[in-house]
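Undergrad: Position in the sequence shown (first residue = 1) + 141 = this note's numbering.
Hints are computed from structural coordinates only; laboratory data are not their basis.
Hints should not be assumed to be uniformly reliable.
What the hints assert, rightly or not - Okay, the calculated beta carbon distance ranges per label pair:
hint, residue 1, residue 2, range
1, S275, T175, 16 to 24 angstroms
2, Q244, G270, 26 to 34 angstroms
3, I246, K266, 14 to 22 angstroms
4, K268, A179, 32 to 40 angstroms
5, G267, Q167, 28 to 36 angstroms
6, K253, F181, 30 to 38 angstroms
7, G267, S182, 18 to 26 angstroms
8, K166, K243, 25 to 33 angstroms
9, S240, G178, 33 to 41 angstroms
Backbone N, C-alpha and C define an ideal beta-carbon position, used for all residues, glycine too.
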Amino acid sequence: MDEAQLVENRNGTLIANMRWRGSSKQGRGVATSTDSGATFSAIAYDKELKTPVCQATIWQSPQNGDIYYAAPSSELDGVLPLSRTHGTVRRSKTGLLGSWQKQHIDVTNASKAFGYSCLTDVPQKGKGGLLWES
142 MDEAQLVENR NGTLIANMRW RGSSKQGRGV ATSTDSGATF SAIAYDKELK
192 TPVCQATIWQ SPQNGDIYYA APSSELDGVL PLSRTHGTVR RSKTGLLGSW
242 QKQHIDVTNA SKAFGYSCLT DVPQKGKGGL LWES
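Build out the structure end to end from the sequences listed, making use of the hints.
TA: Here you go:
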């Protein structure tokens, strides 16, 4: 596992979301902690977050408490599993395995490059920020 991103959900669970060599086939590596990070669960694989081997970003919105995830997608029809394209944003109430909404947004409108990314809050109500490498 490498290039981990950490997020805390509204229930106080810390979630480590990690890239690894099998991300495009098995999904991102995920481990959780319910004791403020003193210990973490065994790694599980989130099959809803299949991505090429690439850094991703995960963030909790202070506006609504939801968890957002952005990365290139390997789950869209016709996308090569190692292609850093189809930058997608997913949403979850908890950020835990199996909790991601089926609907996602392809922010790059099809095949444009999408590499490392960063989600952030912005002052405008109902909005979030996303910066990505292309």
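Undergrad: With reference to the structure, classify each hint as holding or not holding.
TA: Status of the hints after comparison with the structure:
A hinted range of 16 to 24 angstroms for the beta carbons of S275 and T175 is inconsistent with their spacing of about 37 angstroms. Our hint of 26 to 34 angstroms for Q244 and G270 is violated, since their Cβ atoms are close to 20 angstroms apart. Distance hint check for I246 and K266: the Cβ-Cβ separation is about 19 angstroms, which falls inside the suggested range of 14 to 22 angstroms. Checked against the hint of 32 to 40 angstroms, the pair K268 and A179 passes, with Cβ atoms roughly 35 angstroms apart.
Taking 28 to 36 angstroms as the suggested C-beta distance range, the pair G267 and Q167 conforms, at roughly 34 angstroms. K253 and F181 have their C-beta atoms about 35 angstroms apart, which keeps the hinted 30 to 38 angstroms range intact. A beta carbon spacing of about 33 angstroms between G267 and S182 contradicts the range 18 to 26 angstroms that was offered as a hint. Taking 25 to 33 angstroms as the suggested C-beta distance range, the pair K166 and K243 does not conform, at roughly 20 angstroms.
Separated by about 20 angstroms at the C-beta atoms, S240 and G178 break the suggested range of 33 to 41 angstroms.
In summary, the structure is inconsistent with hints 1, 2, 7, 8 and 9 from the numbered list given earlier, while agreeing with the others.
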